[in-house]
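*Asks:* Residue numbers (the numbering used here), protein chains in the order written: chain A, 1 to 317; chain L, 1 to 558; chain G, 1 to 295.
Any given hint could turn out to be false.
Stated by the list, open to error - Label pairs and their computed distance ranges (CB to CB):
hint, chain 1, residue 1, chain 2, residue 2, range
1, G, Tyr98, L, His300, 44 to 54 Å
2, A, Leu82, L, Lys475, 47 to 57 Å
3, A, Leu279, L, Lys475, 50 to 60 Å
4, A, Pro98, G, Tyr98, 37 to 47 Å
5, G, Glu167, A, Gln17, 22 to 32 Å
6, A, Pro126, L, Ala318, 39 to 49 Å
7, G, Leu222, A, Lys78, 24 to 34 Å
As the list claims (entries may be wrong) - Here are the simulated lysine-lysine pairs, DSBU-like style, with alpha carbons at most 35 Å apart:
hint, chain 1, residue 1, chain 2, residue 2
8, L, Lys464, A, Lys118
9, L, Lys507, L, Lys528
10, A, Lys189, A, Lys78
11, L, Lys528, A, Lys40
12, L, Lys557, A, Lys78
13, L, Lys557, L, Lys507
14, A, Lys40, L, Lys477
15, G, Lys89, A, Lys189
In case anyone wonders, no lab produced these hints; they're calculated from the structure. The C-beta atom is built at its ideal place from N, Cα and C for all residues, glycine as well.
If you want the building blocks of each chain, they are given just below.
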Amino acid sequence: MTLQTTLRVSRFNPEEQRSYWQEYTLDVEPQYTVLDALIKIREYEDGSLGLRCSCRSSICGSCAIRINGHATLACKTKLRSLASGGRHVTVEPLGNLPIIKDLVVDMTSHWNKVMAVKPWLQPQGPEPEHEYIAPNETMLHLAGVMSCIMCGACVGDCTVLQVDPNFLGPAALAKAYRFVGDPRDAAGKERLKALNRYGGIWDCTRCYECVQACPKGVAPMERIMALRDKAIEVGFDNTYGARHTIAFGEILEHAGRLDELRLPIKTFGMFNFIQMLQLLPVGLRALMRGKMPPVFHKPIPKAENVRRIFKKMESKR
Amino acid sequence: MFDYDVLIIGAGLAGMRAALSAHQRGADVAVMSKVHPVRSHSNAAQGGVNAALTDRGDQWEEHAFDTVKGSDYLGDQDAIEVMCREAGQEIISLEHMGVIFNRDESGRLGTRAFGGQRQARTFFVADFTGQAMLHVLYEQIMKAGVHVYDEWFVTSLIIEDGECAGAVAMEIRSGKLHVIRAKAVIIAAGGLGRVYEPSTNALICTGDGISLAYRVGAPLMDMEMVQYHPTTLKGSGVLITEGARGEGAYLLNAKGERFMERYAPNMMELASRDVVSRSEQTELNEGRGIDGCVLLDCRHLGEKVIKERLLQIMEIAADFADIDIMKQPIPIRPGMHYQMGGIKTDVNGATPIPGLYAAGECACVSVHGGNRLGANSLLDTVIFGRRSGEAAAERAHQVSHRNVVDSYSLRDEETIKSLLSREGNGDSVAHIRLEMGKAMDQHLGVFRNSEGMETALNQIEQLKERYRKVPVQDKGKVFNTDLIFALELGFMLDCAEAIVVSALERKESRGAQSRLDYPKRDDANWLKHTLLTKTDGGHKIGYLPVVFTQWPPTERKY
Amino acid sequence: MKYAFFPGCVSRGGCPELYPAALEVSKRLGIELEEMVGASCTGAGVLQEKNQKLGDTLNARNFALAEKAGLPIMTICSTCQGVMSQAYKRLQDEGPAYLAEINSVLAEEGLEYKGTSEAKHLLWIIVEDVGIEKLRALVVRPLKGLKVAPFYGCYIVRPTKSLDFEEHPERQTSLETVIDALGAEVVDFPGKTRCCGFPILTINERNSVSMVANHTSDAKSLGADAMVTPCPLCHLNLDGYQPKASAMRHTKIDLPILHLPQLVGLAIGLDPKALGLSRHIIPTTRILSKIAVPA
Numbered sequence: 001m002t003l004q005t006t007l008r009v010s011r012f013n014p015e016e017q018r019s020y021w022q023e024y025t026l027d028v029e030p031q032y033t034v035l036d037a038l039i040k041i042r043e044y045e046d047g048s049l050g051l052r053c054s055c056r057s058s059i060c061g062s063c064a065i066r067i068n069g070h071a072t073l074a075c076k077t078k079l080r081s082l083a084s085g086g087r088h089v090t091v092e093p094l095g096n097l098p099i100i101k102d103l104v105v106d107m108t109s110h111w112n113k114v115m116a117v118k119p120w121l122q123p124q125g126p127e128p129e130h131e132y133i134a135p136n137e138t139m140l141h142l143a144g145v146m147s148c149i150m151c152g153a154c155v156g157d158c159t160v161l162q163v164d165p166n167f168l169g170p171a172a173l174a175k176a177y178r179f180v181g182d183p184r185d186a187a188g189k190e191r192l193k194a195l196n197r198y199g200g201i202w203d204c205t206r207c208y209e210c211v212q213a214c215p216k217g218v219a220p221m222e223r224i225m226a227l228r229d230k231a232i233e234v235g236f237d238n239t240y241g242a243r244h245t246i247a248f249g250e251i252l253e254h255a256g257r258l259d260e261l262r263l264p265i266k267t268f269g270m271f272n273f274i275q276m277l278q279l280l281p282v283g284l285r286a287l288m289r290g291k292m293p294p295v296f297h298k299p300i301p302k303a304e305n306v307r308r309i310f311k312k313m314e315s316k317r
Numbered sequence: 001m002f003d004y005d006v007l008i009i010g011a012g013l014a015g016m017r018a019a020l021s022a023h024q025r026g027a028d029v030a031v032m033s034k035v036h037p038v039r040s041h042s043n044a045a046q047g048g049v050n051a052a053l054t055d056r057g058d059q060w061e062e063h064a065f066d067t068v069k070g071s072d073y074l075g076d077q078d079a080i081e082v083m084c085r086e087a088g089q090e091i092i093s094l095e096h097m098g099v100i101f102n103r104d105e106s107g108r109l110g111t112r113a114f115g116g117q118r119q120a121r122t123f124f125v126a127d128f129t130g131q132a133m134l135h136v137l138y139e140q141i142m143k144a145g146v147h148v149y150d151e152w153f154v155t156s157l158i159i160e161d162g163e164c165a166g167a168v169a170m171e172i173r174s175g176k177l178h179v180i181r182a183k184a185v186i187i188a189a190g191g192l193g194r195v196y197e198p199s200t201n202a203l204i205c206t207g208d209g210i211s212l213a214y215r216v217g218a219p220l221m222d223m224e225m226v227q228y229h230p231t232t233l234k235g236s237g238v239l240i241t242e243g244a245r246g247e248g249a250y251l252l253n254a255k256g257e258r259f260m261e262r263y264a265p266n267m268m269e270l271a272s273r274d275v276v277s278r279s280e281q282t283e284l285n286e287g288r289g290i291d292g293c294v295l296l297d298c299r300h301l302g303e304k305v306i307k308e309r310l311l312q313i314m315e316i317a318a319d320f321a322d323i324d325i326m327k328q329p330i331p332i333r334p335g336m337h338y339q340m341g342g343i344k345t346d347v348n349g350a351t352p353i354p355g356l357y358a359a360g361e362c363a364c365v366s367v368h369g370g371n372r373l374g375a376n377s378l379l380d381t382v383i384f385g386r387r388s389g390e391a392a393a394e395r396a397h398q399v400s401h402r403n404v405v406d407s408y409s410l411r412d413e414e415t416i417k418s419l420l421s422r423e424g425n426g427d428s429v430a431h432i433r434l435e436m437g438k439a440m441d442q443h444l445g446v447f448r449n450s451e452g453m454e455t456a457l458n459q460i461e462q463l464k465e466r467y468r469k470v471p472v473q474d475k476g477k478v479f480n481t482d483l484i485f486a487l488e489l490g491f492m493l494d495c496a497e498a499i500v501v502s503a504l505e506r507k508e509s510r511g512a513q514s515r516l517d518y519p520k521r522d523d524a525n526w527l528k529h530t531l532l533t534k535t536d537g538g539h540k541i542g543y544l545p546v547v548f549t550q551w552p553p554t555e556r557k558y
Numbered sequence: 001m002k003y004a005f006f007p008g009c010v011s012r013g014g015c016p017e018l019y020p021a022a023l024e025v026s027k028r029l030g031i032e033l034e035e036m037v038g039a040s041c042t043g044a045g046v047l048q049e050k051n052q053k054l055g056d057t058l059n060a061r062n063f064a065l066a067e068k069a070g071l072p073i074m075t076i077c078s079t080c081q082g083v084m085s086q087a088y089k090r091l092q093d094e095g096p097a098y099l100a101e102i103n104s105v106l107a108e109e110g111l112e113y114k115g116t117s118e119a120k121h122l123l124w125i126i127v128e129d130v131g132i133e134k135l136r137a138l139v140v141r142p143l144k145g146l147k148v149a150p151f152y153g154c155y156i157v158r159p160t161k162s163l164d165f166e167e168h169p170e171r172q173t174s175l176e177t178v179i180d181a182l183g184a185e186v187v188d189f190p191g192k193t194r195c196c197g198f199p200i201l202t203i204n205e206r207n208s209v210s211m212v213a214n215h216t217s218d219a220k221s222l223g224a225d226a227m228v229t230p231c232p233l234c235h236l237n238l239d240g241y242q243p244k245a246s247a248m249r250h251t252k253i254d255l256p257i258l259h260l261p262q263l264v265g266l267a268i269g270l271d272p273k274a275l276g277l278s279r280h281i282i283p284t285t286r287i288l289s290k291i292a293v294p295a
């Protein structure tokens with residue numbers, strides 16, 4: 001049984017520098033993906049529709065676009081699940097990247113950022129005669145990260161890239177993790193040092209957009225969190241980000257809940273007057289509205305239970 | 001105009017491996033591909049890569065014999081020896097470069113069983129081995145600083161004084177044509193799956209490289225040998241790895257029988273691909289299929305094996321067929337998968353045209369003969385990719401650039417202009433391709449006969465006629481994929497014709513060619529390669545003897 | 001309809017005005033609350049960066065406290081909701097050994113999590129349990145003519161697999177449903193499910209404030225009179241840092257940010273002062289006059 005569906009496609013004609021929406025209504029088979037529909041349009045209706053696609057089985061990473069506002073692979077998205085009740089399906093190019101034509105974006109910045117994390121194995125010492133010996137579990141875990149197909153869906157939906165193109169972004173950082181986590185790689189500390197700068201691991205806002213967008217289950221944000229942990233572990237604990245994480249844990253351990261006065265103080269450092277002064281207007285405005293958190297922060301009742309859990313679970317790591 | 005020592009067309013495994021070895025030999029290398037390197041179809045190789053490692057108690061001769069037998073004795077044994085002898089070191093090199101292979105309990109590289117082989121010698125990364133290798137090779141060429149021209153479409157090769165001197169290519173983003181001068185050109189542009197409909201191949205597999213070489217006079221060898229993979233998914237035709245059977249999955253017919261018992265009692269589901277596909281097709285033809293499919297049953301493998309080793313398959317079955325492979329068998333059927341034939345080369349990738357090399361699926365060395373073993377294609381790409389890169393770099397050190405000028409692109413510019421100027425006539429590239437694909441699948445599939453193949457040949461001739469007038473809808477310059485498809489269709493029609501002509505020529509059944517009108521293998525007359533060369537008026541067929549070293553032909557049983 | 005109330009740190013700290021509003025609105029909606037004593041912070045995803053199992057243990061402890069009282073948990077924070085949902089999923093999916101290990105730690109204070117008690121945001125409770133018809137019936141002061149932009153907060157919309165969206169598709173549009181039921185007009189805008197920037201406020205303030213600027217000015221330019229969020233953290237950032245966002249954009253954005261119970265409270269007739277509307281950084285007076293309520 002075929003069903004009729006309408007795709008609302010965001011178009012951009014580079015020769016005329018013209019953006020517009022175009023609707024295509026077509027009959028599709030029930031198992032059709034958004035890509036099947038786009039190919040059908042391109043082949044039989046409108047040959048000028050620009051999009052990248054190749055494998056049709058979510059391994060080449062060409063067809064990442066925005067469908068109904070969210071980045072995903074067109075070949076992995078069933079039309080049936082979107083077009084129920086005669087709703088239109090909107091199709092747009094990936095966000096955060098310049099558009100070349102219609103659904104085709106310029107991925108140069110994406111590739112450059114991947115390149116920036118020195119994405120190749122850097123072992124130390126002479127190569128062994130045979131393979132490197134490595135635990136299967138570690139390699140299986142890394143394979144899960146390596147299954148990233150560089151489609152850029154995460155980059156397209158990244159909230160930080162929306163406001164700051166300098167951010168390395170989820171794909172490049174997940175790629176970096178793949179080497180930091182590799183027992184064969186000897187450049188871990190150097191890599192973490194580079195990632196510890198502005199634009200690196202601490203600029204992620206933990207919004208889960210990349211986790212949601214990733215069609216391969218790579219969960220880039222979780223890799224970024226693991227990189228943060230490793231960075232602190234090897235001694236890079238003096239960035240605002242690291243101090244924020246450490247302070248958050250300390251406050252929580254002590255009081256069982258957050259203390260919004262002490263968190264920035266601990267993050268910036270008690271004697272970081274410049275940062276403190278910058279907080280002042282915000283604080284004053286809040287104070288005037290009676291919005292300040294209590295100055296004498298009270299721990300939760302029986303906070304010692306929380307402290308005990310901290311002690312126990314931290315020692316297990 | 002750009003100048004390079006070595007120009008590589010195609011950035012899949014063969015192309016990037018070639019780039020790396022040519023670079024290591026001191027050549028100035030450029031890789032050019034119509035897609036970004038990590039979008040290449042090598043990605044789709046799921047199951048693994050074969051190698052006999054002596055410290056695992058395996059012998060390369062054993063691997064070579066399995067390959068020879070798999071090829072139905074059409075593979076050149078000197079080439080097969082090279083490939084299998086060098087396989088072990090290549091796997092170790094790949095591991096050192098960073099490929100994350102699955103390990104055994106002791107932390108060493110683990111293996112899985114694959115079809116047509118008596119040893120479990122397939123090294124793998126879950127079920128995305130090709131992708132894992134491809135991305136690592138891309139890492140390596142980034143590290144090496146190889147020039148990558150991604151989304152550049154090669155329109156023709158430049159021949160000067162009978163030698164290959166470069167190529168003409170279009171930058172897809174601007175639509176501009178450029179001349180690239182090179183002392184050696186390696187074609188590593190992959191297969192031609194889109195000549196068939198359906199096919200497991202990506203939309204980019206349009207035989208460009210094969211046709212480019214053929215058009216400048218390089219001979220094509222064994223083009224009739226087209227592999228049908230036994231397990232492609234119902235509906236979409238997406239590939240389901242042989243690794244599933246390697247891990248122990250069963251093939252069942254409508255009656256629930258493991259029908260391979262009747263066709264290959266020893267190797268069962270792990271007989272070589274031509275045998276399994278023929279068996280499935282026989283079951284289907286004799287009415288023991290369900291809705292045009294037989295079943296691949298993974299249910300008994302258990303959650304751990306499936307999640308650790310067949311995760312992608314689980315996702316593919318769920319995404320594309322609504323099947324939960326832990327609970328339901330997967331409906332599958334044989335589907336076009338791989339071209340064993342291709343541009344004739346020696347073991348160093350050299351074609352008979354000086355300066356022109358080929359490696360990977362577009363080449364025919366020949367190591368696969370009439371039927372390729374699963375997990376030998378990845379091996380083929382890296383071994384002969386590396387060797388051709390080395391050979392091309394050697395040549396570049398010895399020769400100087402030919403006299404090539406920018407006006408070499410004019411002819412292709414004219415072709416493109418004429419394509420773009422055509423008015424709509426109701427016909428389209430998509431219609432022509434679909435008709436070609438269906439004809440090829442119907443008449444040059446698992447079983448063939450002369451009547452069907454003659455029909456296909458006629459159809460191809462008519463389609464070529466229509467192609468001469470086919471319009472291109474998009475008249476723009478920037479990222480005009482409509483134009484690219486039209487150019488690709490030209491390449492595909494060349495390939496289709498080469499396949500049909502070669503298949504009609506070989507009057508026997510061997511490997512992937514199974515003719516109902518010549519059902520037996522005929523060693524007396526056909527233990528030889530077919531060789532197709534373009535001539536001014538059309539083409540001519542020739543032959544080459546098969547090279548034997550240590551394995552005389554015997555009856556093939558699994 | 002009785003819940004163990006988990007107010008979360010911010011409504012007890014940086015935005016204390018949100019707390020009484022939540023209590024009063026819940027009462028009017030017929031939701032009986034018993035405040036959780038001794039419940040800890042969820043870890044907010046920050047703790048989980050370092051030690052996920054520790055985070056899961058703290059959440060299992062909170063769940064066990066509610067379970068002991070025989071109640072499900074109600075939260076008024078998107079972040080708490082998301083972190084608790086993720087912890088809940090992991091405690092279900094990681095296998096019995098994982099839960100047993102965590103329970104062995106909880107046992108020292110006489111607690112055990114059996115896997116029954118789960119957390120639910122007030123927003124979802126309104127849509128799924130109170131029912132939108134009942135809410136409509138309670139509206140005495142329809143927010144007619146008021147244009148309200150929804151702003152969800154990341155953790156209540158992502159990752160969908162831990163939020164049961166398949167079973168509860170209505171959750172994806174719950175905020176719009178509520179705005180509509182209160183008589184206001186929904187202003188749809190692309191930023192509604194994006195990040196407010198709060199988590200990087202102390203790390204990269206410029207980026208954080210840019211996010212505030214984008215969302216508030218986008219909504220404003222589409223005609224919004226106010227923005228409503230079910231997340232106190234989003235509220236804190238979008239309201240508290242809007243002056244900085246305005247300075248960054250050299251324009252006065254001036255978009256009042258309401259926490260969900262405040263908007264509901266207005267429509268069901270509660271006193272704006274009691275709802276804490278006078279304690280916002282961005283004054284709410286203009287929206288009050290628009291619906292003819294004395295500030």
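*Asks:* Could you check the structure against the hints above and give me the numbers of any it violates, in ascending order?
*Replies:* 1, 2, 5, 8, 10, 11 and 12
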